[in-house]
Structures are given as structure tokens and as C-alpha cells.
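A.B. asks: Protein chains in written order, with our numbering: chain A, 17 to 602; chain B, 432 to 677.
Check each hint, because a few of them may be wrong.
With the Cβ distance kept under 8 Å, some of the chain B side facing chain A (calculated, not the full set) [as the list claims (entries may be wrong)]: (1) 495; (2) 502; (3) 510; (4) 523; (5) 536; (6) 539; (7) 542; (8) 580; (9) 581; (10) 646; (11) 650; (12) 667.
No wet-lab data here; the hints were simulated from the structure. Where is the CB? At the ideal position from N, CA and C, for every residue including glycine.
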Amino acid sequence: MRFNTEQLPFGVASLSRKWQAAILILVGFISFGVYAYSRQWSEGLIVTGLRDIGTMGGAAWGLYISFDIYFVGVSFAGITLAALIRLLNLKQLKPISRMAEVVTVISLILAGLTILPDLGQPVRGLTNLFRYARPQSPFFGTFTLVISGYLFGSMVYLYLDVRRDAAIMAQKSSRFQSLYKLIAAGYRDTPAERARHSTTSLWLSIAILPLLITAHSTLGFVFGLQAGRPGWFGSLQAPAFVIMAGISGIGVLMIITAILRKVLGLEEQLKPEIFKWMGNFTIILILTYLYFMVVDWLTGSYAAAPHEARVSDAILIGEYAWLFWGVVLTLVVSAGILISPYLPSPKIIENPNFRRTTRRLARATGTFTIALLAVLAIEVFNPTEQAVIGLPTTFMQWLPLAAAILALLSIVSYIPFLRESIIARSVLSGILVNLAAIAKRYLIVVPSQTHGTLLPYNVGSYSPTWVEYSIILGLLAFGVLLFITFLKIFPIMEVEASKSDPIVERKPGPETGLTTRSILSLGLVVIGFALQFVSYFFLAAPIGIPTNESFSNPRLPYSPALFIGGVMLVFLAAIVYELFPEREVS
Amino acid sequence: MAKYGMVIDISRCTGCRACMEACKVENNTPQGSFFMYVFRFEEGEYPNTRIWFMPRPCMHCDNPPCVKVCPVGARYKMAEGFTATDWDRCIGCRYCEVACPYGVNYFNWRNPAESHYLNWEDDREIELILDGEVLPYANPDLELEYGPEMRHNAGGGRLKGVVEKCTFCIHRVENGLDPACAANCPTNALHFGDLEDPESEASQILHEQSGFQYLEDVGAEPRVHYVGGHPPTTETREIEIVNVRV
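All chains, full assembly: derive it from the sequences and hints.
C.D. replies: Structure follows, in C-alpha cells:
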């Protein structure tokens, strides 16, 4: 049977050659990541660059944890934006609302997956966390709120958002028709249903925003609460995490919006104003973050304890200086790119000679950068023990910075172009801020372990191996694949229902006061919160200074799972409210 | 109930590292894993230098950062003062390791059998070395469960992907013996005992001499006390580069 898939909007359900090729390449990357993980599975984490802190002179957390924080950070922007659009009624941003939600869901899935390769016993992790998780561990928040609650909440939000579109698409014959019917779950786009969706999305937004701040702060607490780790201990960790999360998330969104605009031909819907809004928001966040960095730097070097000073020296002028100053430079340049159209144009830019010279410069530096990165890639993804080229380590460390500086230099030649095109500005700064975000996450995680031992151990070192890089790359490819899959199943924007569609039946239904529907969903919310409260404070392991064994066991086994269930019930209430069958009005 | 702790007399320690050796033999720890470690320090400028030694077991803190952060309660505090690791529950996230101010945790980066000084699982190699004279021996006491909750918390070199650390030789202490390090110290620098009991040797030494708890300002309240010396300062440096990687 052949379906006519031409009618579905936004390229849904049509797979051109280019898309197939893209999927094939992604599957290739994923397979390599899976192969790398199989090495780690059979041999243990010995295949990574991680080692014990102390006499082994290593870092116990590395690239996996850095990327885990990065992924959770990216998720921040998506759902925040979606919630803000709903709460503040930002109509002009409506077209990117769904993209933002999808980015959130996918990056949270990636965050959950990234934790697994970091665990020495991943299978135990999957069972024991549900069984024994302790509220006192900052990981409890990361694991329950971020990965479970937040992911579930975002998925509910996304589901209720696509339901109307699924109902519209179910009208047309396509290979996903039955799926759309299932998802639409009887949605008929009546005014009552619309009003209900408006109510639930408002309440979900209100519920998600505080959860967001809590969830991202929890991640900061994973580091900020550790008094025994100079460089981590501090109250600035949590807010700084939230800010950086916003920067990287909006950066990803800017890139994705620009790509979809080009690939799906959405110039009409995705107006430059959207990019302008995101760009301006990013400028504010970058400036805030730079301010945080200055504060952090002052505290770490002004009159700090010797151990704090050792870590901050390693970051500012020592082993990690190339990365730190790279981050600062990248953030400043990306802020500069975004601000550039507001600045007066220097005359020299108009000069054709200048343009020609800079274009040549760009070509030369670009080629050189690519060559440098190729050298680096050969070493990085080399699964054998011997070095292929055998360059000294310090050289290998400064190589990426050299490449970055060259790449930044070549940007100069594109200033006239960047001043004209807001899309180019957004994409470029989106890429730059994300590189900076990843590097900054790494700078938070690693130096405190290698240089921040309170005992006089020798200075440690950590360099990720090909296994770690390959697994991360595979995960990134998996994320892109998930996004493409979504694109091919659902419209990335709200579909306009045509007037002739039989779906719009305007039959006002009486919905006032307390209906069974609202009582039921309110009940679910109350039960959900009660379950959370009881399982957190009374059923899970007690909180306090752990003087004996009772602090290590939940008072009721699997109470962490109960807590997660409570979080899910609260969000499930939204689905019940919308999907509860309507009474037939005679 | 006894509340165990250790008193270490720095002035008696000669840095022979017999405690480290005893610990390795007793707990079957893999290469690069030192439940007990002895710092060899140097202070001052030539010719006015001083060399001194500082044993570093797990501090078995009363307010342990590692127990607080353990997401699954695998690291836990026992009423007798032990800070124990349940290797049967550990998921290998290494949060205890990054939270510990003292750096006493060791992760099994690979299957410990491959990391042991002798690969007991590779029969041919053992045949070659021992010629069948000596049979592989595993201390059966390490397999048992200890404490009122009966959890797997003794010994080291268990399985790939879990964190291990000094257990205060719980399997020996419950049988009325001192930990291997204290029992084997030739100069009697390590004193293990009930710190609540004024009659015990450890608490008497602590009573007679002024001591210190290492990194007291972190607030972990270690159960290991040092006497006969001072904590390392910023002037203190290790005399050797220790980077024992596996």
C-alpha cells in the first residue's frame, strides 16, 4: 500500500536521499560509540583516562560527568523558553516553542544515558538507585528531579502540545495515521478542549519553572556542597550552573532554529525577530556569567587558603590556563558577535582592499585550523596504545587553543557578513557558546580533583581517552538521530487547521465549577505531592549526621521509586485533565 | 558498645611502610590501591631539613562526607565507629571518592584479578611461578558479613567497578584482633582501640599527649588521631613522586 505523504506539513514522513544519508552517518557514529562502550564494559573503566584521586594522581570524574552537566544544562533553555512563552505570552516566539521542548526532552535523555558509562556497575545503578536512593545525597536530586521528574514533566508538556496536531494529521492518510490517532486520543479541537489545553499548559508552566531552578541548582550542589574539594565548595556554583545552562541551551536552540529554517524552508515562520530575541537574551546571560567568573576568580585568588589558591592557579596560569582563557575569549567573542550590529561600523570594513585581505586571511587560517584539528583527531580517536604522531603532551594541549584562536581570527574577516546576517550571527555564537560551555563544565569538574587535594599528594593529571570521546560522540549522534526521528514523525511547529477540516466542530460544552475531570486531576496532584512528601521525609533514608547504619537504608524499600511516582502523578494530572472523556451533551 | 578509633604516634613512625605491606596482604588489595599509605615528608631548606612520616589510613570520620553523598547507602557509618563500604551495593559512581577530603578511596578500574600482583585467575602463570607447591589462598574471613546488619564490608580486591577503602580490618576486629597495620607496626606507632574506654591503650595515649585530628576545619570529625607531631603545612613536601597508576 502506498500512502500519499505529500500533504503532511514540515516534511513529516518523507525521507529524501539526503535525510537517509544523514541517518546512515549518525548510525555510524553511534555504532562506534557502542563499540567503545563494549570495550569499557568488558575491561572496566581502566580504558578511560580516569584514575583515583590521591596516590594514583588522577581524576575520578571526567568527561562523562562534564557532558552530563552540559546535557542537563542544554535541557534548561528548552522547557524554560516554552514555559516563558506560555506565561508571559511571548507570541513572536511561539514558532520555536515546540523545538525548544524537543531539545529539552532529548538532552535529558542524553543526560540520563551519559551517567551509565560513568558508573562502574551500571546494572546495579539502575536497580539500586530506585531501591536505596538517599535524599541526603545531592545525587538524589539529580537522579529523581532532573532525570525522572523533569524528563517526565517535559514529555507530558510536549505530548499535550502535539496532541492537537496529531488530531489534524490523523485526518490525512499516511503511514503514521494510526499512530496519530492513538496520540490524538479522541481530540476534536472543540473550544472546550482548547480552553482546557490553555489551562493545563499554564499550570504546567507554573509547575515546571520552580522545578527547573531546583533541578539545575541540585546539579550545582553536587559540587558546591563538598567542603573537602577546594574549587568546588562555594555558594556560587548553583546560580552559575543555571546561568551557563541558559547560555548553552539557547545556543543549541539558535543553531537548530537556523538549520531547520534552511532545511525545511521556514523563512516565513521563523522571522529574524526570533533570532534577535534569543541573541539579546544570550548577551545578557553571557555578561552575567562573565561577572560570575570575575567574582569567582577574585575569591579564588585574592586571599584564598593555599589549597584554593593552588586550584585557581592551575586554572588561571597553570595546566588548565589554555582552556580557561579559551573559554573567556570565546564567550567575549560570541557576545561581541551578537552585539556587533549595535556598534558603529568602522570605515575600514567598507574598504574593498581590507575585505580582500581578510578573506584571504580567513581562507588560510581556516585551512590551517582544519589541519590542526585533523592532527588532534588522529591522536584522540586512536584506539591503540602507541601514539600515531607522538607529539609532546603540552603541545597537544595548546593545539586546540591555537586552533580556536585561529578560528576566532578568521571571524574578523566575516564581520561585514555577520553584521548583515542575523542568522549567521546566531549560528556562530551558538556554536561558540556551546564549546565554551563544554570547556567550562570540564574546568569545574576536573582541576579540583587533580590540583585540589587537601593532603599533600602530588599533582594529578587527566586526559580523556578515545573510549570516552567516542562514547560522547556516539551519544551526541544519538541525540541528533532522535531529533531527526521526531522531525519525521511530528510537525516541528503548530499546524494550521484548514477551514474545511471536519475537525473543527464548534459545539460549546458546559464546563463550569468542579467537574469530575477537575476533581480527579486535582486529586492526582494532591496525592502526588503527598506521596513525594511522605516518601522523601518519612519513607526514604533519614537525613542528618549519619551516626549509624540506619541512615544508609530507606525505611521502606523502593521508597525513592515512590517519590518518583509522586512527581510523575503530579504531571499525569495534566494528561488526565485533558484526556478525561467528555460527557455527551444532549 | 565499643567505639573504635586509631591513635597514630608520628614521633614513633620510621616510614618503613610495614603497615602498607601488612594491609595489602591482609585485605588482598590490587595494584595501586593503598588502604593504608605512609607519606614521607621533608621540611625546611638544606642543611636544616627534617624528614618525617605520616601514616594515612581511612579516617573513619564521625561526620563523613563520603557517607553523606553516597546515593545508595553503600558507604555507611556503623555504631562501633567504622565507616564501612558495602561492596555488594556500591554502584561505582565514585561520588564518595570526590567528596573525601583525605583521598582514601580506591576504585576497581579493572577486574581486580588482573590487577593483582599475581594473577590467580591465570593458572599457567601461577604454575610457572609456584610449580604447584603453593595453592592460591583466599582469606575466608573476608567473604563473611559483619556488623549488626550483616553486610559485605570486609577486605578489598572484590569486583570490577566498585569503590573500596580501608575497613579498619573489621573482620579482624570483630574476632578480637587489631587491624593488620597496627598489629604489624614494628615501632608501635599505630594504636587501635576503643576511644570511649578510658582504660584502652589508645585513649590513654591520647589523654597523655596533645594530639590533632587531620584537617579538623573541614569538620569531618575523623576517628583517627595523631600525636607526637604536627600536621603537614604548606612547607611540607613529599620526598618522592607518588603516581602509582594501574
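A.B. asks: Which numbered hints does this structure break?
C.D. replies: Hint 9 is the one this structure does not satisfy, whereas the remaining hints hold.
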